[in-house]
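Novice: Given chain A's structure and the hints, the job is docking chains B and C onto it.
So you can see what is in the structure, the chains are spelled out below.
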Amino acid sequence: MPIVVEHLTHVYQSGSINAYTALKDINMTIEDGEFVGLIGHTGSGKSTLIQQLNGLMQPTSGRVTVDGFDMNDKKQRAGGRALVGMVFQYPDYQLFDETVYRDISFGPKNLKLDEAEIDRRVREAMDLVGLDFEEFAEKSPFELSGGEKRRCALAGIIAMYPKYLVLDEPMAGLDPSGRRAVLEMIDGFRKRLGCAVVMVSHSMDDIAKAADKVIVLRGGEIFKCGTPAEIFSLSDELNEMGLEPPFAARMASELRRRGFALPGSIYTNEALVEALESFKRGDKNV
Amino acid sequence: MLSINNVSFTYESGSPALSNVSLRIDDGEFVCIVGHNGSGKSTLAKMLNGLLLPTEGTVIVNGMDTADEDRLLDIRRHVGIVFQNPDNQIVTTVVREDVAFGPENLGIPTEEMIVRVDEALAAVGMESYAESAPHMLSGGQKQRIAIAGMLAMEPNVLVLDEATAMLDPLGRRDIIRIVRELHEKKGITVIMITQYMEEAIGVDRVIVMNGGQVWMEGTPAEIFARGDELRSIGLDVPAAVELREQLKEKGIADAGDAMTLEELSKELCRSLLNT
Amino acid sequence: MFKDITLGQYFPVDSPVHRLDPRTKLVLLIMYIIAVFIVKDICVFGLVLAFMLFMTIMSRVPLSYVTKAIKPMKWLLPIMFLLNLFMIKTGTPLFTWKFISITSGGVRQALFIVLRLIALVTGASLLTLTTTPVSLTEGLERLLSPLKAIKFPVHELAMMMTIALRFIPTLLEEADKIMKAQLARGADLESGSIFRRAKAMLPILIPLFVNSFRRAEELALAMESRCYHGGEGRTRLKVLKFQLNDLWALLIMSAFFAAVVLIQHFLPIDSMLTAALKRILKLG
Chain A
12 MPIVVEHLTH VYQSGSINAY TALKDINMTI EDGEFVGLIG HTGSGKSTLI QQLNGLMQPT
72 SGRVTVDGFD MNDKKQRAGG RALVGMVFQY PDYQLFDETV YRDISFGPKN LKLDEAEIDR
132 RVREAMDLVG LDFEEFAEKS PFELSGGEKR RCALAGIIAM YPKYLVLDEP MAGLDPSGRR
192 AVLEMIDGFR KRLGCAVVMV SHSMDDIAKA ADKVIVLRGG EIFKCGTPAE IFSLSDELNE
252 MGLEPPFAAR MASELRRRGF ALPGSIYTNE ALVEALESFK RGDKNV
Chain B
3 MLSINNVSFT YESGSPALSN VSLRIDDGEF VCIVGHNGSG KSTLAKMLNG LLLPTEGTVI
63 VNGMDTADED RLLDIRRHVG IVFQNPDNQI VTTVVREDVA FGPENLGIPT EEMIVRVDEA
123 LAAVGMESYA ESAPHMLSGG QKQRIAIAGM LAMEPNVLVL DEATAMLDPL GRRDIIRIVR
183 ELHEKKGITV IMITQYMEEA IGVDRVIVMN GGQVWMEGTP AEIFARGDEL RSIGLDVPAA
243 VELREQLKEK GIADAGDAMT LEELSKELCR SLLNT
Chain C
22 MFKDITLGQY FPVDSPVHRL DPRTKLVLLI MYIIAVFIVK DICVFGLVLA FMLFMTIMSR
82 VPLSYVTKAI KPMKWLLPIM FLLNLFMIKT GTPLFTWKFI SITSGGVRQA LFIVLRLIAL
142 VTGASLLTLT TTPVSLTEGL ERLLSPLKAI KFPVHELAMM MTIALRFIPT LLEEADKIMK
202 AQLARGADLE SGSIFRRAKA MLPILIPLFV NSFRRAEELA LAMESRCYHG GEGRTRLKVL
262 KFQLNDLWAL LIMSAFFAAV VLIQHFLPID SMLTAALKRI LKLG
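Residue numbers (my numbering), protein chains in the order written: chain A, 12 to 297; chain B, 3 to 277; chain C, 22 to 305.
In short, the hints are calculated from the structure, not lab data. Cβ coordinates follow ideal geometry from the N, Cα and C atoms, glycine included. Careful, some of the hints might be misleading.
What the hints assert, rightly or not - Computed footprint of chain A on chain B, listed as stretches where at least three residues anywhere in the stretch have a Cβ under 8 Å from a Cβ of chain A: (1) 27-41; (2) 166-172; (3) 229-238; (4) 245-253; (5) 267-273.
Next up, chain A with everything else stripped away, as it sits in the complex (with noise of 0.2 Å):
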């Protein structure tokens, strides 16, 4: 069963002088193993709707469901909750504990499982992450580096096996080795939990390489959903919302511009390289 969001408005102090409507009539379906990136201008919504998908936040009007838990009953919430992982950008938000084991382990401890379960999960979501158990086990997770910091904050979201994983910007102020490895890692857990992932992302690189699905925020309402290649076909709607399409899809609709007859789909370097190459062999055949 998928997390439904129907006609979910949100406004902030709502009844004052001063409300604000971050998101307006917000319908969507997030289904079983997909993988969704969630695009937008800062202020645009993004965090909001985020909050809505595990109930951090209750919308103004409208529901949110995850897996027929209807997210505005306070009964129901848990159980929805349990079923959605949530990652913020910035792990020092999350880490607390002594031990890295310990805090990974807070999350499960608090689904009530059983000690050995509880060992299991822990150990198995280290692996996940990459970090290495004899060595990060017990130490301290204020004294770990900047990467190595995210990927505790993420196993221990692992740990309790989300159905949904959601992501805030999980590369944000990464290295480029740093962010390959955590979309890679993001795929391993998708691998190995089947679970759907929702990814907050600046980076339209990031999100063409791994999303199935694209949603658009714009001023608080969905602009578009579609495929990448539906989505990164807009270049210049993209490009006038402040959003940076992936290089690719720019590139390609630079040379377009400039005459090349190259398909409308383009958004990976892979795909253009591939044009360009046909493009090549049409041209020498003709």
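Specialist: Coordinates of chains B and C only, in the frame set by chain A:
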């Protein structure tokens, strides 16, 4: 002129952060220092205005040794640093007053200070936020205020220590544009420390740090021609360079040393469309 | 979500009171407090309340905002009133029943306590309603600066207040984010005994403290980079200047103050009234 002579630095915890680094940065240069997290690039930044002192070697700013405590204020006035976290650099509750914080510390007379603050805010395009509360601004706007705070001290050198790392793409673009303008119009020496390779395009010189040492040094074209070496130390090349490499490898086109979308598309037109 | 909170309770309108130099306002408040304590006669107190009302009208802050300050004392005031009413045994007894007796002195004292508290709280409240925390800090720093001569760390205190004001919104926002991150990990903050709940706060408090220390370190570096070296030799962007307005305010205040002192010492209105009251009671 800034010169770093055989500098080594070891943190109290015992881990060496810099070993035997020597660099010279001339007045009016625009230098980019790149390296992965933990390569020593931020330690190097803190050496430039005496926030950290070398364990061995010397750092000389305009003829002043950063180890000379009497010259420290003078050195810091010359070398302004903007740090990574926009939230942790703004001291006061009103934008204007924050920009004035440096000049206030230097004891600049009030009349002159007002002129400097207004000019600094104008240089970063934040005049209309002069009376705002900093916590209401976006990350990019806060970094602009941090830059203005440095400009108000009238430095010769501006160091950006991963100042764009926590910003969204628009904020990042703004900061880069402003810094380039300052370099061109006011001739300020810029030392930009970053892990975004795109930001190194168009600078005078790129310095690649790895393991606390200068690993590579050269023009952007020279550095980005060595993509595989960069990747081997956890870095990458700008997107256009990556595509250029792939096209060359497959024998589709040789785009020379194109580094931007613009350059690459021109090169491709030349070699594939014969225009 | 916390971005919109306003610090303190500043009421943003433009008025002659808002425009006063913060130092003037602090001096006015001090004189006003002294006046409130000098007054011994209930009728002279009318003058104090009238002055308070006058300042409120001048400030263009709705009276209801000023009187809001009394709300937190809604239990304290009646208790103070009743305690004084029954415990004070001076003056003439007005009412006696078994061991309970109410005296004229008790009534006076009880009324006085309540009125004084109200006068003090509304006065202080009017100051914070018309002055931003920033300019209040500035006012305090300048006003206390003579104390530097006796090595009192005036500048350091003001700097600390400024930094606190700057970072409170940031910290509130951060606390909110941390709380959400832990809630998302299934933290239960709402059920169980007080001890259990206090323990459940640790996952929120620890990151908050750790982050604050890091913030403090980074801020110290940033301040050093901007040549901060204490208060010595500092100049200021904003120079506080006394205006004509301030002169007027101080004149009005002095007139009020003089009136209070004069009436209190030379016109025994209160004893005249009690005498009159006694006569009426006797006639009755």
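Novice: Would you mind marking each hint as holding or not holding in the structure?
Specialist: How the hints compare with the structure:
Residues of the stretch 27-41 of chain B with a Cβ under 8 Å from some Cβ of chain A number 3, which satisfies the need for three, so the listed coverage holds. Only residues whose beta carbon comes within less than 8 Å of a beta carbon in chain A count, and the stretch 166-172 of chain B has 5; three or more means the coverage holds. Only residues whose C-beta sits within less than 8 Å of a C-beta in chain A count toward coverage, and the stretch 229-238 of chain B has 3 of them, enough to reach three; the restraint holds. Coverage of the stretch 245-253 of chain B by chain A holds [criterion: at least 3 residues with CB-CB distance below 8 Å; count 4].
As drawn, the stretch 267-273 of chain B meets chain A at 3 residues by the rule of a beta-carbon pair under 8 Å; at three or more, the given contact holds.
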